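Q: Please build the complex by placing chain B on the supplied structure of chain A, with the hints as guidance.
Here the protein sequences line up with chains A and B, keeping their order.
Residue numbers for the first sequence follow the numbering used here, so the first one is 1 and each next one is one higher.
Residue numbers for the second sequence follow the numbering used here, so the first one is 1 and each next one is one higher.
In short, the hints are calculated from the structure, not lab data.
Quick caveat, the model's predicted, so the values are computed rather than measured.
Some hints here could point you the wrong way.
Claimed, not checked - Calculated cross-link-like contacts (lysine-lysine; reagent style DSS-like; alpha-carbon spacing at most 30 Å):
no.	chain 1	residue 1	chain 2	residue 2
1	B	442	B	267
2	A	8	A	82
3	B	561	B	352
4	B	561	B	531
5	A	8	B	230
6	A	123	B	230
7	A	82	A	151
8	B	311	B	442
9	B	238	B	442
10	B	635	B	470
11	B	470	B	561
12	B	595	A	123
13	A	123	A	112
14	B	270	A	8
15	B	402	B	238
16	B	230	A	82
17	A	112	B	230
18	B	561	B	635
19	B	216	A	82
20	B	635	A	123
21	B	531	B	470
22	B	402	B	500
23	B	470	B	504
24	B	442	B	402
25	A	151	A	112
26	B	442	B	270
27	B	311	B	504
28	B	595	B	635
29	B	238	A	82
30	A	8	B	216
As the list claims (entries may be wrong) - Among chain B residues calculated to face chain A with C-beta under 10 Å, some are:
no.	residue
31	370
32	659
33	677
34	698
In this text, a Cβ means the ideal position worked out from N, Cα and C, and glycines have one as well.
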Amino acid sequence: MELRINQKTYQVDADADTPLLWVIRDNLGLTGTKYGCGLAQCGACSVLVDGNVVRACVTPVAGVVGREVTTIEAIEADEVGKRVVTAWVEHQVAQCGYCQSGQVMAATALLKHNPAPSDAQIKAAMVNLCRCGTYNAIHAAVHDLAAQTSKTESA
Amino acid sequence: MNKHIDATEDRLGESLDQPVNLSRRRFLTSTAVGALVLGFGLPLGSTRVQAATATAAERGTQVPAFLEIRPDGTVRLLSPFMEGGQGTHTAMAQIVGEELDADPATFIVESAPPGEAYVVMENGMRITGGSMSVRMSYPTMRRLGALARTMLLQAGAEHLGVPLAELSTEPGRVVHASSGRSLGYGELAGRALDMPVPDPSTLQLRDPSQFRWIGKPVRRVDSYEKSTGKALYSIDLKVDDMLHAAVQHAPRLGMTVGSLRNEAQVKAMKGVDSIHQLPGAVAVVADRWWHAKRAVEAIQVEWLEPTADSKVRSMPADFSSDAFRDSLATQQGPAREDEREGDVAAALASAKTQVEATYHNQYLNHAQLEPPSALARFNPDGSLEVWLPNQAPDMFRDDIAKRTGLAPSRITLHSPLLGGFFGRHFLYDSASPYPQAIALAKAVGRPVKLIWSREEEFLRDVLRPVAVVKFRAALDAGGLPVAIEAVSVTEGPTEAIAGKQGEKLDPSALEGLSGKSYAIANRRIAQIYVKGPAMLGYWRSVGNSLNDFFYEAFLDELADKGGHDPFELRLHLLRDNQRLTTLLNAVGELSGGWKRGPFTAEDGSRRARGVAMASPFGSHAAVIAEVSIEAGQVKVHDIWQAIDPGSVVNPAIVEAQVNGAVALGLSQVLLEEAVYMNGQPRARNYDLYPILPPSRMARVHVRIVESGEKMGGVGEPPLPAVAPAVANAVAQLTGQRIRSMPLSRYTFS
Numbered sequence: 001m002e003l004r005i006n007q008k009t010y011q012v013d014a015d016a017d018t019p020l021l022w023v024i025r026d027n028l029g030l031t032g033t034k035y036g037c038g039l040a041q042c043g044a045c046s047v048l049v050d051g052n053v054v055r056a057c058v059t060p061v062a063g064v065v066g067r068e069v070t071t072i073e074a075i076e077a078d079e080v081g082k083r084v085v086t087a088w089v090e091h092q093v094a095q096c097g098y099c100q101s102g103q104v105m106a107a108t109a110l111l112k113h114n115p116a117p118s119d120a121q122i123k124a125a126m127v128n129l130c131r132c133g134t135y136n137a138i139h140a141a142v143h144d145l146a147a148q149t150s151k152t153e154s155a
Numbered sequence: 001m002n003k004h005i006d007a008t009e010d011r012l013g014e015s016l017d018q019p020v021n022l023s024r025r026r027f028l029t030s031t032a033v034g035a036l037v038l039g040f041g042l043p044l045g046s047t048r049v050q051a052a053t054a055t056a057a058e059r060g061t062q063v064p065a066f067l068e069i070r071p072d073g074t075v076r077l078l079s080p081f082m083e084g085g086q087g088t089h090t091a092m093a094q095i096v097g098e099e100l101d102a103d104p105a106t107f108i109v110e111s112a113p114p115g116e117a118y119v120v121m122e123n124g125m126r127i128t129g130g131s132m133s134v135r136m137s138y139p140t141m142r143r144l145g146a147l148a149r150t151m152l153l154q155a156g157a158e159h160l161g162v163p164l165a166e167l168s169t170e171p172g173r174v175v176h177a178s179s180g181r182s183l184g185y186g187e188l189a190g191r192a193l194d195m196p197v198p199d200p201s202t203l204q205l206r207d208p209s210q211f212r213w214i215g216k217p218v219r220r221v222d223s224y225e226k227s228t229g230k231a232l233y234s235i236d237l238k239v240d241d242m243l244h245a246a247v248q249h250a251p252r253l254g255m256t257v258g259s260l261r262n263e264a265q266v267k268a269m270k271g272v273d274s275i276h277q278l279p280g281a282v283a284v285v286a287d288r289w290w291h292a293k294r295a296v297e298a299i300q301v302e303w304l305e306p307t308a309d310s311k312v313r314s315m316p317a318d319f320s321s322d323a324f325r326d327s328l329a330t331q332q333g334p335a336r337e338d339e340r341e342g343d344v345a346a347a348l349a350s351a352k353t354q355v356e357a358t359y360h361n362q363y364l365n366h367a368q369l370e371p372p373s374a375l376a377r378f379n380p381d382g383s384l385e386v387w388l389p390n391q392a393p394d395m396f397r398d399d400i401a402k403r404t405g406l407a408p409s410r411i412t413l414h415s416p417l418l419g420g421f422f423g424r425h426f427l428y429d430s431a432s433p434y435p436q437a438i439a440l441a442k443a444v445g446r447p448v449k450l451i452w453s454r455e456e457e458f459l460r461d462v463l464r465p466v467a468v469v470k471f472r473a474a475l476d477a478g479g480l481p482v483a484i485e486a487v488s489v490t491e492g493p494t495e496a497i498a499g500k501q502g503e504k505l506d507p508s509a510l511e512g513l514s515g516k517s518y519a520i521a522n523r524r525i526a527q528i529y530v531k532g533p534a535m536l537g538y539w540r541s542v543g544n545s546l547n548d549f550f551y552e553a554f555l556d557e558l559a560d561k562g563g564h565d566p567f568e569l570r571l572h573l574l575r576d577n578q579r580l581t582t583l584l585n586a587v588g589e590l591s592g593g594w595k596r597g598p599f600t601a602e603d604g605s606r607r608a609r610g611v612a613m614a615s616p617f618g619s620h621a622a623v624i625a626e627v628s629i630e631a632g633q634v635k636v637h638d639i640w641q642a643i644d645p646g647s648v649v650n651p652a653i654v655e656a657q658v659n660g661a662v663a664l665g666l667s668q669v670l671l672e673e674a675v676y677m678n679g680q681p682r683a684r685n686y687d688l689y690p691i692l693p694p695s696r697m698a699r700v701h702v703r704i705v706e707s708g709e710k711m712g713g714v715g716e717p718p719l720p721a722v723a724p725a726v727a728n729a730v731a732q733l734t735g736q737r738i739r740s741m742p743l744s745r746y747t748f749s
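Only chain A is shown next, with the shape it has when bound in the complex (with noise of 0.2 Å):
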């Protein structure tokens, strides 16, 4: 099957119903997005279709077939991603970093969505698992992401 992932198309021979989380690590050797649970219940997977944040451990790859797909090694292709990747060196947000391709996603999926979410909206939005516990250098970064396009936008 043809996949568009990160402005390029592949050709890809996998089942319909192989994760896509799978496909982009082990037929696309793209080792950036993690592997934690295969549930859904952590986020480490996390890549974004579409400009939305899936899951892919549980995303058939049938399913994004003419779709665009965005992961972690092309997040500073974009405008929003790089500005999230610099506020996560600015914020020291990693520990040992397993978690966080997922947590970057997620961030730039919401900020995409809404340039200057709420703490509750950043709450609601950032639900990755982190096992080091960086969710208040997590949340701090968002929250001054937000924080610059509110300032931004109010000038």
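A: Below, chain B alone, put in the same frame as chain A:
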């Protein structure tokens, strides 16, 4: 059949992620100690290294084994420690960089291979655990940086033809001030590494008042890679010609494979290369991991009950974690004493008031987000290369040698970044995928990467121990404690791994009950050892993770019984301990002044605060928690923590570690538990084993108190006081005593 990859020399370049440069090659081949660098990526024996590192005075002096300075000035440091989120790679860059005079931002840090050269800790060990990395290697790693700087100065003197005394350094450069000439470290590196390593006793270390990077909130060396998916973990690695594998473990440890009922069908499934029977598991090797996983889960295995001669700790079919805990509570002894002071029995007999209570905790999984994996490759010369998560590379290499019969010198072990560890990646029999990966690679004659699915991981993870602790205490006429006794019925992780009680008590069983600093004249802390059926391991802050909960919650009971405020009681019991008095006052102040409550918060909710302290892993911590009850559930609003690790290398990382420890501490006190029924874990994934979600995280306020005392740990010490502070707050708010974890087992209204 085997299309093995490239020669080892080329792989060096590959592992460096850029071509091998000339100066590097030169020092690789031209100096004896320089050859140690070959140990990275090559199966070099440790004999020579051992001979060279005979005494503590010589630890960490083999500069070329640790450092490579590239032409562009980038410093590649092979650290003795593993990076798994605790920030040790950054700390090592700061410590070495400070004395080398090189900005930590110019460092690339990787974990060093096994070998005596990398035994740098003052206790003569090489592990990443026990919150030891920085505190146990700090002087040695500083000296390493200073040695390297001196070698660069010597090279500069030779190159510029001036006396060494006329040279100085500025970050990354050797400077000859009088002539205005200077050379970048990268330009001098080749020559410098040919210099003899100076006599360490001649070195002058930097005056701490002049530190530029140590003690400063320096940015992590790996932030960008970890924010962009570029950081590589074991699970991400691949080599040419590699196959993928997945396993299905026996439902209970000790069971063995009988027959496979549908082998032919499974063999015909898409992508399947082969099916294998392993000790206590079946495996499928396939072209892709998804195919391997789907196939191995389809195998219908007839599992056989463990035999009497089973070499592993067999899990009985009737094991129930709740029933086991109840049985611990009935154990009468004999007890072995760890701490005895005064006469507890006499004090109890004559006391005005006696207090008794029984506490317990729960089993826990590590639940680190990266599932375990291992990549194994046999090279054409029969040597073995393994990539795997680990906290002790030499122990793992030696274990692989034992299992395979290969000499350690024929085994190359790589230690990639860890996707969290918390004690998960020590050497635990039957709890790691590398023996299986090696067996499969051998069987199929190709490199194999084996990943344990989350479900297989939860089935074989080792558990944080449980304990039932019986307390007795005596209060005097003023309501102050004069005697305390704690008898813990438990099995510590160290004695569990050994499979038997040692001659001495397992310190990891009682730490946190023993070693408290409160001035209570009569004390007795003892253990009743009961070997349980579950495989146990180390979990972040180990014995302290449970024992400080027990002790500090019971101390609040004593305060209430004696009519004292728990904060004031602690201050009283620490009146002769200036360091802990300062710390407790610091957390009080940080929280805006101690107030216990209950009180009504601005949002109208009823709240209360609890306080607790702990002194784990060479550091001290004091915590205040503020809680309310929301829809029957405990909500922790704020955690204030004052921590005194003596002195710190990176305050920003300390603050991050406190945040992380608070998260794990909240997770264990609020909601986490590994429950076994019928010999099997109830949860095999995060759906039934919830870990703290962002919605239940508290705000965290940190104050670092640098007392200047001996440097302590940072990764684990901020955890143990969190649970009892929360429990004490909940008890104050609800009037309900909290004598066990997790709180999700309680009903609050």
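Q: Taking the earlier hints as the rules, which of them does this structure contradict?
A: 4, 30, 33
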